[in-house]
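Take each chain as given, in its own frame, and dock them per the hints.
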Amino acid sequence: MTSSFPWLSLLLVIPLAGMVAMYFATESASRWIALAATLADLFVAVPLWWIFDSQTSQMQFTEHVAWITVPPINYSLGLDGISLPLVLMTAGIMPLCVLASWSAITTRVRGFMAVLLIMETAMIGVFVALDFVLFYVFWEAMLIPMYLLIGVWGGANRLYAAIKFFLYTLAGSVLLLVAIFVLYFYGGHTFDILALSQGTYPASMQTWLFLAFFAAFAVKVPMFPFHTWLPDAHVEAPTAGSVILASILLKMGTYGFLRFSLPMLPDASRFFTPMMVVLSIVAIIYGAYMALAQVDLKKLIAYSSVSHMGFVTLGLFVLNQQGIEGAVLQMVNHGITTGGLFLCVGIIYERTHSRLIADNIGLAAPMPQYAVLLVIFALSSLGLPGTNSFVGEFLVLVGTFLWSKIATAFASVGIILAATYLLWMIQRVVFGVPSPHHLPNLKDLNHRELATLVPLALLVFLIGLFPNPLVSRMHQSVTNTIASMSRVKVAPTAHPSAGGIAPLLADSGEGLKPQGLSR
Amino acid sequence: MSLYGADLLALLPELIIVVTACLVIVLDPITSFARRDLLAWLSIGALALCLAITGWQLNELNVRVTAFSDLVVVDAYSRFWKILLYGVAGLTIFLSLPYMKAERIHLGEYYGFILLALSGMMVMVSGADLLTIYLGTELMSLSLYVMTGLNRSKPRSLEAAAKYFVLGAFSSGILLYGISLLYGYAGSTKLALIASAIGARGTDDPLVLIATVLIAVGFSFKLAAVPFHMWTPDVYQGAPTSVTAFMAVASKAASFAAFMRVFVEGLGGLKADWSLLFILISVVTLVLGNVVAIVQTNIKRMLAYSSIAHAGYVLIGFVAAGRGVGASGGTPGLASMMIYLAIYSFMTLGAFALIAMLRKGGVEGEEIEDFTGLAKRQPLAAFIMLLFMASLAGIPPTAGFIGKLYVFMAAVEAGLAWLAAIALVFAVVSAYYYMRVVMVMYMRDPNPSAVAEPRLVTSPALSFVLACAVVGVIFFGFYPNPLVSFALQSVLTFK
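Top to bottom, those sequences are chains D and S. Note that the numbering used here has the first sequence beginning at 10, numbered continuously upward. Note that the numbering used here has the second sequence beginning at 297, numbered continuously upward.
Next comes chain S alone, as it looks inside the complex (with noise of 0.2 Å):
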């Protein structure tokens, strides 16, 4: 046993994370209704001794703890990421407190299968071994597609979770498909050994090719990229609101960092390849997501359009990555993918909380047109949904201008000038729908005739998110420095 002590002590937070998730399901017959708020606390306990043990795990940012043989890393850049999942995750808890309630839905394995999805993520973005990304994947995956279905009164919610699940599972089975090939290949499923494969072998063999299409396509499901994104909108629309905000943040980062270590450490000697086929993924993507995104009148569902867009956005700074140059190669694409999702998540998660508590009667107000008015109502709720929209159209001085700064300068340094120029005339096409939301709220006066008139419905624990997510918003607008240094010094243990 003392064999794997070490191993262990690297997989601390996961197992801590995993622990908590079967007690909290353990837990959660006995528990009476009304105490359920404690099976969330716990979480949310796990959930800060888990930040602690990662801060304190590496304290040279330079280290790289491998266990198990090399299956799992753990490193300055999957730091980084369980940082952002933590704080994503324990966020959507506290959303998730008044949210269920109102919902009627505050069941307790709810919060298990956050920590079980989050334990997934955990080991997407520390595996250094194909299979062990792959179990990430598919344990995330399944918990997500519970929590989609977790509203059972609702058909759309059912509906949401069954096309989810479907799709989901194709993926999964290409992916699978591309790892097995890639393991005929290499002889292994390990990245370093897959890396030096190619490096020895060179990049001419179709089956390599084959094998990182099909795992380029694989990902691309789980990060909703043009065209495998047909999920997504149904998906983001029929999930509850809060595991919706938790899909559109912690999934999309986690799959973002298992997809860029295995492209980077794993199948970076085929850059040249993968690079090309990213601008157009990438340009696709940001273009159909931001034209569908202006005809939506379902503001969840225009958000999953919008969220699809930004991908995109996040697609271009790696494909700077993957052609960068110079002595700097690829960090600072890299850096500005981690830079852009971290602002991501903070403006994307206050927008989906503000969505959940905006209510009518009981009723999640979802159609953009029950935000008519809000300026009047409750103009202070209708200023911080101004900052959201504001930071996902990019305008300064909000953090979202800083993400596509990043990310827009990494393209420029890698010679992709007019692929950042597309992109930011499409972001004039977002700030129109985005803006739309704003006019809604401050320009029209509220319907009279309304039965009941959406409020936000406040609670101490929404009010902690939404105070979170403003402060990421405005902090990171003013002063991104330490989360810049942070990223930057993140992507030094790659490659």
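Okay, chain D solo, but in the shape it has when bound (with noise of 0.2 Å):
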């Protein structure tokens, strides 16, 4: 179905027009300004999921202007049911961290709202673009904005945190460019991204791709040696950043995988299978063990993300229908529970300005609304059945079964320690018994509060018992994602003009075997 209203340039152009008038506004307009325009763009985006077709694994809403004419790069966008939760996830997200950033951003308010509209464009473009070179520009449009949202209205290290998630993402994303160009003189002279899903290439130039694109996307999972920079910036950025950071940014480097390597470069991410279900795994674990050792709260739910995205890549990675589907579910679980939790944690750090689990204990008695909204989100990461989690987490363990029984046994144990550091904080910080001179008066939540954390409580619910309407959405998006992976591979033989890489590599392709495939 081809849709003839331009409904992706208009989610694009929503927040672009939101930051155009608030150039004319008063700095306190700025935030009602920001709030109408996530709220319109949430608005134009909601229809889509009833409007969009579940039957078809075709791009929908597709348009297609051409952008620049030599090389032919295109204004192409289009939603399947991958990206469709995503770009639904971020609509609903971004209203949100306008509203928690209401009386928590007090200096430069302007900046911030324009800041926080520029990301929403660059993320939803990066889940709709269906031009490379299109996708790279809204992939690193979002750096700058990042990086000020960070640096500028960030915590006390800010600056360090800042510029380390900046160079962290863009050292990892530059190799990005020279895949894509790769690609292009490859796979016949088009940056259209479904174009080069269909192309097939070299197994030996696979391997160089795939690592390229890994490079990009591992650091902005980020998946296990390649997380370091994620603590710091989820410590240091404002709650608005956090929230955005976990929900979504994060979603783009598992999108990443999903969109980009895992069609077009199937023989190669077959070959690289045991590798990422390994890091998967070391990151599940090692994520939780850290969570586990934390005294600060924002750091304990970065740790948990780090062990949580290990989930959605161990189910992108063993490469079966089950494992797929439970790892876009949990990519939305995540965006919806790890943005609640950090949410939770912006509130009680406006209230006692700190975000020591130490010096935030007992909160169930004087803020009773808080401390339930906590638990619900704390149960949901854990994976509680009922809970959204659940469903997404058991797609994955059940996919990864039909892959190796070892590897489920051991991600198994991230489930555990996860229960164990959040029940752990839960304990302490909702049921603890404050010392008396520790928290002075609290007021529960207030109206604006709940606002932001309440939608989220119903998804949490909403996803753990009705997952179908969601997953049958995605399905045949995920079936064709898996039927262009195992398609015939045939190289072709070497482009003239890439000379200098296929040479290097003629030897190497002879180790790629297809592993197993439960379809």
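Keep in mind the hints are simulated off the structure, nothing from the lab. Treat the hints with care, as some may be off.
Output of the computed footprint for chain S on chain D, the stretches with three or more beta carbons under 8 Å from beta carbons of chain S [said to hold, decoys possible]:
| id | segment |
| --- | --- |
| 1 | 159-167 |
| 2 | 174-184 |
Every beta carbon over 10 Å from chain S, so not counted as near; a handful from chain D, in silico [said to hold, decoys possible]:
| id | residue |
| --- | --- |
| 3 | A26 |
| 4 | A49 |
| 5 | L51 |
| 6 | W111 |
| 7 | E149 |
| 8 | L203 |
| 9 | M284 |
| 10 | L432 |
| 11 | L454 |
| 12 | Q485 |
Even glycine gets a Cβ: it sits at the ideal position worked out from N, Cα and C.
See the structure below:
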């Protein structure tokens, strides 16, 4: 189905229009403008859920305008079952970020809100771009806004965290650019993502391209050895920054694996599956152990993100229907749950000006509503049946079980550890006995704060109890991705213009053997 | 006289510029200090006239007009560079109006020297003979030596001029020696005849290889490529900032233009040899430029090293042109260099304009620390600087990204993916020092004990320069098509 109405462009333009309007408005009005723009974006995005045709794996709501003529770079947008939930999640999270910053941000409010709106455009752009260069432009365009978000409005050690975030992600993604060009010259002189996904590439070249993609996406996820920017960035970022990072930015990495690595480089993906699974399991267990040791709430959740994102990459790289569907589901779930947890930390930080667990003990008595919501998000995060994360993690583990029973056993350790660090955190923060001089007189949630948390809490149960609408919408697209992976590998003879790579690797192609696939 | 009529017509823009330059220098002593602005406007008028003539001169894009028995050629390629150089010279003059007054060195002959340097550059870009190109280079360099030392009260400015002169003269000698060897080999200094001599006699002769290396060294001085970059930081730092901007942009563009013509049209038969040489030079240049820029505290010096690094990126396009295979040959590489240098002109000129007019109590604030807290005092100025820094770092959606896109695509097409990967990794290094400027502007609070806060002293002329630069950086970032097609058409007359 091709809709003639440019839904996706509208999604991209509304935040920018809000930014322009903000330029003419007063400092205090910029909050309302940002809220209006993000809500308008959400209202445009929500109908797509129903208009979306879940019976097809074709891109929907496509738009296609020539942008640069030589080389052919197009402004092509489209949605499929994989990007639809992520776009909706982004549109849903952003108004909450504006609300969460309502009273927390007091300096340079207009700049802050403008940065949030640029981020929204760039993030939605990443999920809907169907041209590889366009994707890269959106992918990189969010670097400077995010750098400013952490560096200008962040905590005490913000300068270090901001530049670390910036350089890590930039270093990862520059190699992606080279890989895009190599694909262009091999894949028939096109940057069209769908056309490149149909192409076949020599096995040896796939290995290199996979590693270049890996550098970009693994840093963003972040996978185990590249995760060190994440705790710093999370701790120093303002609440809205942490929520954007955890809920949306990290998903761009896993989205990249799913949209590019798997369909374009199927042989290399199979070849690297053991490595990816091992790294994922290391991330799951290591992240969980690190979370166990944290005294800072934000750091605890940051490391839990490392652990949970390990489940997502695990699900992706066991390369079967259950695993990938679980992974996509888990991307959305992690966005909702971890976003909620970071919002909770932001709310308590506004009151006690401390993120340390030791300073925030026994909140159940003074703040019962807050305590209930915090417990809901924590239980969702540890994967309690009935909440959203249970469905996703269960699917991922089923997929992993089909691939390797031992890997499943190791991954399950992460769930047990998650229960440990989250319940221990709840035990202290919610039900602990405060020392008398702590917690003077805390007010419970006001209406604005309730408005930020309750929608997420409702989604926790909605997806937890009725995952089927979400899963059915992604089903065709995931099937299509897996189908495109199992196509016959026809390595074309080396293109003369890329002689720099092919001869170098001509002998390493034999090592690629298809691993077991469930389908 | 009618014999030379057509030849002189081909050189009309150069003649206008030279005549205007002489006029400005003659008029200077009889112009009162208050009315020296008129000299600047006279120069601007001459540039506008030349722009019209150059635009009109070639209606057909693939026409090649030669003059003075093949000493000078007017083609689409030289037109591209001339239009770029007019723009850069014009913006430099606009920037100089407020800057030279603020520095109290508002001399009339300054504009004359800008025009003389420009005429030299124009000869460089349209020279079809090694000696013509050499003469253009010398005219440009001699004018620049004088302009560098214009700030007579500052020892740094004088030191820079002396250093620039000595090293420049040395490099000119090497270039000339290379030319003489090549003359001995080919029996001519005309590029076309040299190319046919190389084609007829093969490339085994050591004489031609030595000559190529010497010419490469001579040009590398002008391009500020490592290891011939030593003069750049001192000269860029010491020269008046408007002169630095002019040097960093116009002289680099003209040198690259002449360099490309000499090596592609004249020495194209040796491209297998020189592309190896320039792979080495480009890697060393961008590694050293980017790494040394990190430790600089003076922003002019930092941009000097950054301009060295950018020369490295442009050289990658050049290597790609030399290694180009397949149907498109070296065209993408050459076009990518032109696109890159045009975009580089906007962002570098803009950055230097901002630095020139960021003043604290009458003195130029040229330390990076002087930008501290600028976002709080002057948000728009800080945002403009942010744009230039992002563009220099090559972050989309600024034009700097488009420049890198074309250079690295050309490199990958020529089978040099590994070279593109190295260059991009060092682009990350460069992002560190560009972002440091953003960091001090946005994330540091101004020092309350400072005597005078550095502020951007605005004036209509400066606003015009910054507006042009910002429009260039944003417009070509979002819509590079006009620039790209202009560059692609301009390289068609090549070879």
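Hint-by-hint comparison with the structure:
no. : hint    : verdict
1   : 159-167 : holds (count 3)
2   : 174-184 : holds (count 6)
3   : A26     : holds (16 Å)
4   : A49     : holds (23 Å)
5   : L51     : holds (24 Å)
6   : W111    : holds (22 Å)
7   : E149    : violated (5 Å)
8   : L203    : holds (21 Å)
9   : M284    : holds (21 Å)
10  : L432    : holds (38 Å)
11  : L454    : holds (32 Å)
12  : Q485    : holds (32 Å)
Going through the hint list in order, the structure does not satisfy hint 7, though it satisfies all others.
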